Structure formats: C-alpha cells, structure tokens
Amino acid sequence: MSEHEHTVMAFDDQGREVMIDILVSVKELGELARTGPVSGEPALRTREGHPVSYLGGGEFSVTLPGEEATLFRTDALDVV
Numbered sequence: 000m001s002e003h004e005h006t007v008m009a010f011d012d013q014g015r016e017v018m019i020d021i022l023v024s025v026k027e028l029g030e031l032a033r034t035g036p037v038s039g040e041p042a043l044r045t046r047e048g049h050p051v052s053y054l055g056g057g058e059f060s061v062t063l064p065g066e067e068a069t070l071f072r073t074d075a076l077d078v079v
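Per numbering that gives the first Met the number 0, the very first residue in the sequence shown carries number 0; after that it's consecutive.
To be clear, the hints were calculated from the coordinates, so they are not data collected in a lab.
Predicted model, so just to flag it, every value in this text is computed and none were measured.
One or more hints might be untrue.
Unchecked claim - Pair ranges (Cβ atoms, derived):
| no. | residue 1 | residue 2 | range |
| --- | --- | --- | --- |
| 1 | Gly48 | Ser24 | 13 to 23 Å |
| 2 | Gly48 | Phe10 | 18 to 28 Å |
| 3 | Thr6 | Thr69 | 17 to 27 Å |
| 4 | Gly65 | His3 | 27 to 37 Å |
| 5 | Pro50 | His5 | 11 to 21 Å |
| 6 | Leu54 | His5 | 14 to 24 Å |
Glycine included, C-beta positions come from ideal geometry on N, C-alpha and C.
Turn these sequences into a full structure, and let the hints guide you.
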C-alpha cells in the first residue's frame, strides 16, 4: 500500500487561513483482481489536527476549538 499526501490552503469569509493536509492510501490489488490500484476515502485534517470534511467544489467544513464548524474555500485544482 502506498500513501499520497498533499496540502491545500483555504480561507474563510473572515480571511482566516488554514492548511489542510489530505492523505490518500492506495492499494495495488495485483494481477488476479485485474482491477488495478484502488484508493480509499481521503483522510482530512488541518495542520493543527482539527477535523475537516470535504463538501465539494473546493469547500471544506473545519471545526476549530470552541467554535461551530466553519466554511473554508480554496482555489486549488488538486483538492481531493
């Protein structure tokens, strides 16, 4: 199994910035399965370890300490 990680920068409406780490595990099933590599759901977290949910279209829901979930957006092309 191999893991691929990349980071995107996202901003909320107040201009706050978070760095979101995206980790995807890929497993090669081999010749017998004839399906090629299969990847699971990406693991998302901020650089500080806060929970992140991907909403689609470059939008993330980030739960910061002491706050309700906040919407953050990115213009990155390689989100998930």
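TODO: Run the structure past the numbered hints and jot down the numbers of the failing ones, going up.
DONE: Violated hints: none at all, because every hint is consistent with the structure.
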